[in-house]
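Novice: The residues making up each chain are set out below.
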Amino acid sequence: MIKLIPRYLINFIILVLVQVFVLNNIQLGGFVNPYLYVLFILILPFEIPSWLLLFVAFFLGMSIDLFSSTIGMHTSATVFMAFLRPYVLKLISPRDGYESETLPQLKYYGGAWFIRYSAILIFAHHLFLFYIEVFRLSSFFTTFVRVVLSSLFTIFLVLISQYFFRRDRRK
Amino acid sequence: MKSLLNFLLRIHFLLLFILFEVFSIALLLNNNHFHKTRFVNFSRQFSGNFYEKIDDLKKYVSLTEENQRLTEENTRLLNILESTYKSDEIFFRSVNDTTLNQTYKYTSARIVNNSVNKKHNFLTLNKGNLQGLRPEMAVVSNGSIVGVVKGVSKNYSTVISLLNLDLKISAKVKKNGYFGSLSWDGKGYYSATLNEIPLHANIQAGDTIITSGYSSIYPEGILIGYIESFKEKSGSFFEIKIKLSTDFKNLSNVNVIGNLKQNEIVDIESQANKND
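Going line by line, the protein sequences match chains E and L. Numbers 1009 to 1179, taken from my numbering, label the letters of the first sequence in order. Numbers 2 to 277, taken from my numbering, label the letters of the second sequence in order.
Please note that a few of the clues may not be correct.
[Claimed, not checked] If we take Cβ atoms under 10 Å as the criterion, some of the chain L residues that face chain E in the derived model are:
1. L15
2. F24
3. A27
4. L28
5. R45
6. I112
7. N114
8. K119
9. K120
10. F123
11. N177
12. Y179
13. F180
14. G187
15. I204
16. Q205
[To be verified] Negatives, chain L to chain E, calculated, CB over 10 Å:
17. L9
18. S48
19. R111
20. H121
21. T125
22. P136
23. I269
[Unchecked claim] Stretch-level coverage of chain E by chain L, calculated; a stretch enters the list once three of its residues show a Cβ under 8 Å from a Cβ in chain L:
24. 1052 to 1062
25. 1078 to 1084
For the record, the hints were derived by calculation from the structure and aren't laboratory data. Given the structure is predicted, the values throughout are model-derived calculations rather than measurements. For each residue, glycine too, the CB sits at the ideal point set by N, CA and C.
Whenever a hint applies, use it, and build me the whole structure from the sequences.
Specialist: What follows is the structure in structure tokens.
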């Protein structure tokens, strides 16, 4: 567990920088904003203590918020997603549970499992985020379309990133 | 007592979650107010430094375009200057102390961060308190509207973009002076909605919409956009769709307009309200 810390630290910095300086400037038709930084929460180890999980999520959301001057918005959505993570993991666990020494990544548990896992959590995160951003229910449908499209885009990016990880490991 | 502790230990995940969530929502609500908090100020100063560096890079890309725009504006201003000279040939004229009657003061600033894809968009400018910017000042680009200054720190300030669901502006139809309230509809960075224009007003697609000057923030006659389409709403008013003249995706240099007599206007208006 200890030896993973430097790698996650680097992951954290890279994801925040990519989100703030690249992805925040992307928008397709004023509708679709990918939020790739949630990948960090997705790939944390299975054994992480629950309090640390929430704390890390809070810190991650706050870092994104600092750069977007939307204090509290990403923080609350990311904490919400981290809260759901243990329950989702329990819900879709394979028959013989999770093996030790593995991480919740595509290469350990396969594409179908990973897509299900990331889709649920990313959708929950985006749902929370977009509704708290507009802060009203009057444009319910428009917001919902934004949630769905952005979730699809983020899931797509998350899957691509998994193949990056995979290639790195083989070297 | 022991069972209580056990219980708390068992649900500590939920408790922590609620704690974090309440804290972050509280932060969010505090920042939804019109006035900045110290925290936002801190983050602005902090991220403003980063954004300025990034923006330095970005500027080079649009340099040609920006140059051309400046040249065009220069030509226009020179033309105006020329025409004032010509009308100046009257021999006897009273001396007009221009600084006495000066109402608006312009300051130029550069945008270091801008967004158009949220529901509440803000811009960051590279000037702040030390350069004379104050909250409630108007921001324009090339004579058309951009937003209003929300908060200032020492060297940076944030501007509520016109593309923000919370901002409402008093606007009027240029040709006949009917005025109403303009707000963004959240549907893309090129359109907005003008309400409260009565049905008997004679309007057509293509008419110019300008600021009314009825607030102490904007001078009269700043270009907002052109009528794209309109329809009747609730029987007595038009709902007019406006095509904005400002290209929010392509903003770089802006002018900040300070109203030197803002305090005077606000004072006398609050006195009138008190007497009611």
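Novice: Decide, hint by hint, whether the structure agrees.
Specialist: Now the hints, each set against the structure:
1. Against a cut-off of 10 Å between C-beta atoms, the interface hint on L15(L) holds, since the closest Cβ of chain E lies about 8 Å away.
2. Look at F24(L): its Cβ gets to within about 8 Å of chain E, closer than 10 Å, so that hint holds up.
3. The interface hint given for A27(L) is met, as the beta carbon of that residue sits about 7 Å from the closest beta carbon of chain E, less than 10 Å.
4. Annotation: L28(L) was flagged as interfacial toward chain E, and the flag holds, the nearest CB pair being 4 Å apart, inside 10 Å.
5. Taken as an interface hint, R45(L) checks out: its beta carbon lies about 6 Å from the nearest beta carbon of chain E, inside 10 Å.
6. Among the interface hints, the one on I112(L) is violated; its C-beta lies about 14 Å from the nearest C-beta in chain E, farther than the 10 Å criterion.
7. Contact between N114(L) and chain E, as hinted, is supported at the beta carbon level, the nearest pair being about 8 Å apart and thus within 10 Å.
8. Look at K119(L): its Cβ gets to within about 7 Å of chain E, closer than 10 Å, so that hint holds up.
9. Look at K120(L): its Cβ gets to within about 5 Å of chain E, closer than 10 Å, so that hint holds up.
10. With its C-beta approaching chain E no nearer than about 6 Å, F123(L) sits inside the 10 Å limit, and its interface hint holds.
11. Given the 10 Å rule on beta carbons, the hint for N177(L) is violated: about 32 Å separates it from the nearest Cβ of chain E.
12. Here the hint on Y179(L) is broken, as its CB sits about 27 Å from the closest CB of chain E, past 10 Å.
13. Violation of the interface hint for F180(L) is found here, the shortest Cβ-Cβ separation to chain E being roughly 25 Å, above the 10 Å cut-off.
14. Against a cut-off of 10 Å between C-beta atoms, the interface hint on G187(L) holds, since the closest Cβ of chain E lies about 7 Å away.
15. Checking I204(L) against chain E: minimum C-beta separation of about 27 Å lies over 10 Å; hint violated.
16. The interface hint given for Q205(L) is broken, as the beta carbon of that residue sits about 28 Å from the closest beta carbon of chain E, more than 10 Å.
17. The claim that L9(L) is not at the interface with chain E holds, since no C-beta of that chain comes within 10 Å of its own (minimum 13 Å).
18. With a minimum CB-CB distance of about 5 Å to chain E, S48(L) fails to clear the 10 Å threshold, and the non-interface call is violated.
19. Annotated as non-interface, R111(L) keeps its C-beta farther than 10 Å from every C-beta of chain E; the closest such distance is 17 Å.
20. Against chain E, the non-interface label of H121(L) is violated: not every CB pair exceeds 10 Å, the least being about 7 Å.
21. For T125(L), the condition that its CB be more than 10 Å from all CB atoms of chain E is violated, with the nearest at approximately 8 Å.
22. Distance to chain E confirms P136(L) as a non-interface residue, since its nearest Cβ pair spans about 15 Å, more than 10 Å.
23. Consistency note on I269(L): stated as away from chain E, and its beta-carbon is indeed over 10 Å from all of that chain's, at 35 Å minimum.
24. Evaluation of the coverage hint for the segment 1052 to 1062 of chain E: fulfilled, as 3 residues show C-beta separations to chain L shorter than 8 Å, against a requirement of three.
25. With 6 residues having a Cβ less than 8 Å from any Cβ of chain L, the segment 1078 to 1084 of chain E passes the three-residue criterion, so the hint holds.
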